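*Asks:* Read off the chains here:
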Amino acid sequence: MLATDRVETRLPDLKPALTEAQARAEAARCLFCHDAPCVAACPTAIDIPMFIRQIHSGNPVGAARTIFEANPLGHSCARVCPVEVLCVGECVYNAKGEPPIMIGRLQRHATDHVVHAGIQLFEAGPSTGRAIACVGGGPASLACAHELVRLGHRAVIYEKGTWPGGLNTDGVAPYKMHAEESLAEVEWLSEIGIVWRLGVEVGRDVPWVELEREFDAVFLGAGLGADSALGVEGEDLPGVWGATALIEAIKTGRQVDPLSVYSAVVIGGGNTAIDAARELKLLGVPEVRVVYRRGPESMSAYAHEREHATAEGVAFTWRAVPVAFEGNGRLNAVRLTTVDRGCNPVGEPFRVPADLVAVAVGQGRLETLLAGIPGGIAHERGHVRVDEATGRTSNPKYWAGGDLANGGAEVVNAAAEGKRAARGIHEWLERNGGSV
Amino acid sequence: MRGGNPGNGAPRGNGGPRANGGPRPGRPVDLSVECGGIRSPNPFWLASGPPTNTAGQVMRAFDMGWGGAVWKTLGDPITNTASRYGAIDYQGRNVAGFNNIELITDRPLEVNLREIAEVKRRYPGHALVASLMVETRDDWRDIIRRTEDTGCDGFELNFGCPHGMCERGMGSAVGQEPRLLEEITGWAREFASIPVLVKLTPNITDILDPAMAAQRGGAHGVSLINTIKSVIAIDHDTFSPIPSVAGQGTSGGYCGPAVKPIALHMVTRLGKAEEFRLPVSAIGGIHTWEDALDFLLMGASSLQVCTAAMHYGFRIVQEMTRGLEEWMREKGYSRIEEFRGRALPNYEEWGDLDLNYRIVAEIDPVLCIGCQLCYAACEDGAHQCIALPAGTRVPRIKQDECVGCNLCQIVCPVEGCITMVEVERGLPKESWNDRVAAGTAGAGGRH
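As you go down the protein sequences, you meet chains A and B in turn.
Under the working numbering, the residues of the first sequence are numbered 1 to 436, in order.
Under the working numbering, the residues of the second sequence are numbered 1001 to 1447, in order.
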């Protein structure tokens, strides 16, 4: 059970639930476009105008069915999708100079209706007698396993950590979704018969050969590795965190107390950096500064996220890198140096006081994990290569999806890729009887 | 599109050219009207119904700006049910259509008469009409004489109510039987010394039949339409019709914005019938000044409103009077009589419309937001005259195939994006009736 006094619970939803009346009014605005651009922008191609019309006509269960048929992770995607650059960004109302439809919040309205009330929409298909192992307990494996069970296969998810749900549970910004919402989704999805092996690490607790013996196919959805380190002096000082480790601590416990922090520095220019900075700021840290080695134009973080951060009071230092973390037994400052466009130091280093640092310069790859697979598997520096149509890897018994294959994208991409792999596995089992 | 304000529920369609007078600030405008000998400071009367149940309501309404009121129908006091009302919501707005199974007044006649007299004494310049519904000739004589003593300005004979009362041989039971309607109207004329209006039910085949019966019976005018017989909806859990009375329901009378086009047709029908000469007090879905103007342009002498007042309260009349005044200033009219019935000459039977007139749709690619509703509508619901060129979301009208039906313009969510453009064909007007007369009518039928 999750603790109820987790740090993340101090942050309310930035996009709270719509009331029934709000949802109906917003749904009424939807134009029901032909060949709707919002659908084309959705990696899982949810029939958005249809589910919105279903909400409008007082059929929230039907709306949820439309959503989940396309995207098993529809409940979390409603909250965590960067809708501004996907469906909502393509809404034709943008061209009309009117607010685009609040698609994410309408989707949440529909999925909340069934997930919170425990209304089950799906069931396991007639048993095929086949079994598939899904490695990693995040969105990709969940989507894959859910689809597999619906197709009549047995699906077992191996998760080395404590919680199911992957980054949905321990990595999503709390103001987008709290951990219990992810767990509610996992529970709802798993009801149809997904089997969980929590706290079991494949390759260590269970050898790959054993997995291959027990299962007809294996889906790899293990995501990314631990936070990358900078290799800078003082990085092991208490107070210096990897960004995803910090976010995990905020979401699942109370090891970090933002109210005891006065000045925080986040190193990096991606969405994880912005998430960490916004979370610290919203949790009450007076001074939060993002330090990035290039200019704002080069940031990989979404522009709308950076604008939110700026509006919330996050400061930015461009074209600077840390050269040392300083402190006497505990962090109290970051020594930075300005860099030129080639990231070469220019000028004298300067000190920025900091009692917390989050390093968000990427996550490690799971090359070690992959190296243990019998017969090997093709990957590029840890990104598993898969077939575009089926999600199958170079190893005939293995499929892959999510961050492990795409190098780090959105939950909705992981959902699409997990489902794609499930279809691929199913087709292969149907066609070849599963003989490699 | 009218009034430069197509987003407020005004119909889309090829309205044709409009004379533009331009705004005339400060020009005095007189809204006063006369209908069948009944005068009022403006054409807006509260129709007989729940809003005109008591003196307190009617006086408050007059203070708010209503020009007249038709008192809730007098007769033998009845017992009402709970519930009584049902409504249709549409696209997030409630009360697009409304129905009721409420009957006539449930208050003693002497109380109503005392209050009518009091209102008339305090508001001598406003139109106060008493709606009546009784059965026998003696009943009619008695109630007319007693009611006339209140000093009211006229009577409205309720031959329209389609629920409850008709089962007792009154209301629409009379309105649907022209001989009976004519006879009772004759009684009313015989006993009354003030104007008599006859309120008509739309639950008939041709509104002209009961209207002519009213004229033959000597009425001073007619009021229409009363409500349309309706079942609003079914409760999907209890399977009871709505409104539900202890799990059961019945047909009621439909009104509200949804019925306006039906009422406007019936008012037009009477306005075009040369043999019908009585003034018309128009009723049916009037919610804005634009609705009101439609009825005036089709010849109505006064207007009655009920559902809008039930939905928004009496204050709503101010939007109607101000809107009408503003339009009159813009057009340079100072009295309603100057434009009343102005649209009637432009109403023709289908057979007299010009078959050679041609318009085609045109899309403004700058305004287009790419929703492609026009494409879906034309492709699936009309004549397949819109194409989707590759590389853009802006559809293209196949103008040489476009039949000028207007559907794309009607469904387009962007004001002014799709316009209907006249195609000059250099052909004289030719109607179906012209073709019949010339013996060439086979070329393209009506359906």
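There could be a bad hint or two in this list.
Said to hold, decoys possible - Taking lysine to aspartate or glutamate and the EDC-like style, the derived pairs with C-alpha atoms no more than 20 angstroms apart in a straight line are:
1) 1331(B) <-> 1319(B)
2) 160(A) <-> 210(A)
3) 96(A) <-> 1349(B)
4) 96(A) <-> 1364(B)
5) 1272(B) <-> 1349(B)
6) 96(A) <-> 1415(B)
7) 1429(B) <-> 1364(B)
8) 1229(B) <-> 1352(B)
9) 96(A) <-> 84(A)
These are computed hints drawn from the structure, not numbers from a lab.
Since this is a predicted model, take the numbers as computed values, not measurements.
*Asks:* Does each hint fit the structure? Answer for all of them.
*Replies:* Status of the hints after comparison with the structure:
| no. | hint | verdict |
| --- | --- | --- |
| 1 | 1331(B) <-> 1319(B) | holds, 18 angstroms |
| 2 | 160(A) <-> 210(A) | holds, 16 angstroms |
| 3 | 96(A) <-> 1349(B) | violated, 40 angstroms |
| 4 | 96(A) <-> 1364(B) | holds, 13 angstroms |
| 5 | 1272(B) <-> 1349(B) | holds, 10 angstroms |
| 6 | 96(A) <-> 1415(B) | holds, 10 angstroms |
| 7 | 1429(B) <-> 1364(B) | violated, 30 angstroms |
| 8 | 1229(B) <-> 1352(B) | violated, 32 angstroms |
| 9 | 96(A) <-> 84(A) | holds, 16 angstroms |
Violated hints, in rising order: 3, 7 and 8; the structure is consistent with all others.
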